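Trainee: Take a look at the letters that make up each chain.
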Amino acid sequence: MALLPLSLPFAELEVGHHLYWQIGNLNLHGQVFLSSWILIGALLALVVVGTRKLDRDPRGVQNLLEFMWDYLRDLARDQIGEKYYRDWLPFIGTLFLFIFVSNWGGALIPWKIIELPEGELGAPTADINTTVAMALLVSLAYFYAGLSRKGLRFFELYVEPTPIMLPFKIIEEFTKPLSLSFRLFGNILADELAVGVLVYLVPLIVPLPVMLLGLFTSAIQALIFATLAAFYIGEGLHESH
Amino acid sequence: MDSITSAASVVAAGLAVGLAAIGPGIGQGSASQGAVEGIARQPEAEGKIRGTLLLSLAFMESLTIYGLVVALVLLFANPFAG
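For the record, the sequence lines run as chains A and B.
When you read off a place in the first sequence, starting at 1, and then add 299, the result is the number in our numbering.
When you read off a place in the second sequence, starting at 1, and then add 1350, the result is the number in our numbering.
Hints in this document: simulated from the structure, not taken from any laboratory.
Quick caveat, the model's predicted, so the values are computed rather than measured.
All C-beta atoms, glycine included, are put in the ideal place defined by N, C-alpha and C.
Be careful, since some hints might not be right.
[To be verified] Quick list of simulated restraints, FRET-style, between CB atoms:
#	chain 1	residue 1	chain 2	residue 2	range
1	A	Lys-382	B	Val-1386	32 to 40 Å
2	A	Asp-373	B	Ala-1357	46 to 54 Å
3	B	Pro-1393	A	Pro-416	54 to 62 Å
4	B	Ala-1390	A	Pro-466	40 to 48 Å
[As the list claims (entries may be wrong)] Below, computed lysine-lysine pairings styled on DSBU-like, alpha-carbon distance capped at 35 Å:
#	chain 1	residue 1	chain 2	residue 2
5	A	Lys-449	B	Lys-1398
6	B	Lys-1398	A	Lys-382
7	A	Lys-475	B	Lys-1398
8	A	Lys-449	A	Lys-475
9	A	Lys-382	A	Lys-449
10	B	Lys-1398	A	Lys-468
11	A	Lys-475	A	Lys-382
12	A	Lys-449	A	Lys-468
Next comes chain B alone, as it looks inside the complex (with noise of 0.2 Å):
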């Protein structure tokens, strides 16, 4: 691999995983507001807030790890290596 391509992709594999992590990061604490909001109305719903709550974390942490995937692609898989 050339230099400029493997600096190209080592930036450019911080910057996947970086910009990936801005939206579910905003999801996330929307989500866990109203979560916590649901609980301090509702204490008795705790248990079933807290499990779909759990689930959508995840579905939104996935977005940041389809960042993460490109990044290893780049790092470690990278089809412009030559």
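Same shape as in the complex, but just chain A (with noise of 0.2 Å):
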């Protein structure tokens, strides 16, 4: 359903517009493949190109990298610990780098350049089938954290500190992919929407504070995302908890 009843030369409110591919009995958003595609294709090649030539005191694009690589050593190290961190920081750095990239890559690459039949291309994370596949790859990940480091005694996570919270604790485990998915999935749908809303009111210049603030928040939304997907990781694999 059209948003907004006119035809504009900016802004096209879309939702729920999709490229579909019919795959077997599956409908896919193709939109979503091709924008996701692209923006990995560009990620890798920026690891390529800056693991190409290392050198010992880095510059340029090596440098990026090795930053970016202390950055997420810190934030898995932080919420999962010394011990185990590194087994999962390729997860969490992934995860962290495709979102950061998506939400960033919807808003800053000019999409429009290129034409679809139907629906538009933008940040894969405004979907909330991309959103949902990663936080349930979260969901997997804590299981099998846990599982794999202390085996049936995982479960014994349910009935601390009290059997009280056996309920709640059952309930978490469905409330968070579900919150994960949604949170990312909102704003980065809600950034879109209200940039779009005030293009289509103003097109000249008053949007740019609200592109810039949805930079900022898309870019703490995936902080966050790769935040919790560590810290949810560590709670299973800890045995403090």
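Each chain sits in its own coordinate frame; assemble them with the hints.
Mentor: Written out as structure tokens, the structure is:
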């Protein structure tokens, strides 16, 4: 359903318009795949270029990559702990980088240049399917971390400190991926819609501060998703919790 | 969609965001108050406090975003549209 009845030269507010790819019985949202492939390609290219010729004192892209690695390592180490963070750093780092690049790519790359028969390219994280998939992966990782480390004693987590907490802890297992995915999806979609509405009202200059705010919040959302994922995994791993 | 359903959906979408903004607004206010007091008492800890504050503000913000998601579902993917 289109929100605004006019056809606009600058902005179109589209929610729920997709480029459908039919594969078997599945309806895939093609524009999400296309934009995430482009962004993953860009990310891969950056990493490959940055690690081609490694220097002892890093310069240019290598310096940037080392800075990102330091940042992600600190993030994972703070939440998971010195002992196990190495195993989970690739997962957390991939989540952070993908979400960050998706959010910023969706806002910064002029996707309108690429014409699609239906729907429009944008941040892959503005589609609920992407965020739900990532949130479920985090849940899987959490259970895997806990079960592989402690076996069935992992489930003692549910009755600590008292068994009264058992129902709440079980409900929490379902609300964790729900809130993770809705938080990211809602924030990114809200940013896009707020910018869209402002561009519709005043096409020049006025939307710029809101766009900057959107960049800021989407970076924070990537940080939050990664932090929470690391926190949940750390919770599954630790004995003290 | 008949007119009653669409009218009710629009009102409910407005209320969803509006009501969902009350609690997080109060929460963010008191969180910022705490952060400002902390910085005033210990200016050297500003960086750490700011990081934690931004993170917790974003958590509270997401409560409003849940309301927004409900509003968006009502507007764009209304299950009662028929």
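Trainee: Compare the structure with each hint and give your call.
Mentor: Quick rundown of the hints versus the structure:
Between Lys-382 of chain A and Val-1386 of chain B, the C-beta spacing of about 36 Å keeps the proposed range 32 to 40 Å intact. A beta carbon spacing of about 51 Å between Asp-373 of chain A and Ala-1357 of chain B agrees with the range 46 to 54 Å that was offered as a hint. Between Pro-1393 of chain B and Pro-416 of chain A the beta carbon distance is about 57 Å. The supplied range of 54 to 62 Å therefore holds. Separation of Ala-1390 of chain B from Pro-466 of chain A is about 42 Å and conforms to the stated range, judged on CB atoms against 40 to 48 Å.
The hinted pair formed by Lys-449 of chain A and Lys-1398 of chain B meets the criterion: a straight-line CA distance of about 33 Å does not exceed 35 Å. With a CA separation close to 24 Å, the supplied pair Lys-1398 of chain B and Lys-382 of chain A stays within the 35 Å bound. At roughly 26 Å between alpha-carbon atoms, Lys-475 of chain A and Lys-1398 of chain B fall within 35 Å of each other, so this suggested pair holds. Restraint check for Lys-449 of chain A and Lys-475 of chain A: the C-alpha separation of about 21 Å stays at or below 35 Å, so the hint holds.
For the suggested pair Lys-382 of chain A and Lys-449 of chain A, the alpha carbons sit about 15 Å apart, so the restraint of at most 35 Å is met. A distance of roughly 30 Å separates the Cα atoms of Lys-1398 of chain B and Lys-468 of chain A; the hinted pair therefore holds under the 35 Å criterion. Between the alpha carbons of Lys-475 of chain A and Lys-382 of chain A the distance comes to roughly 24 Å, so the proposed pair stays at or under 35 Å and holds. Taking the CA atoms of Lys-449 of chain A and Lys-468 of chain A, the gap is near 18 Å; set against the 35 Å cutoff, the hint holds.
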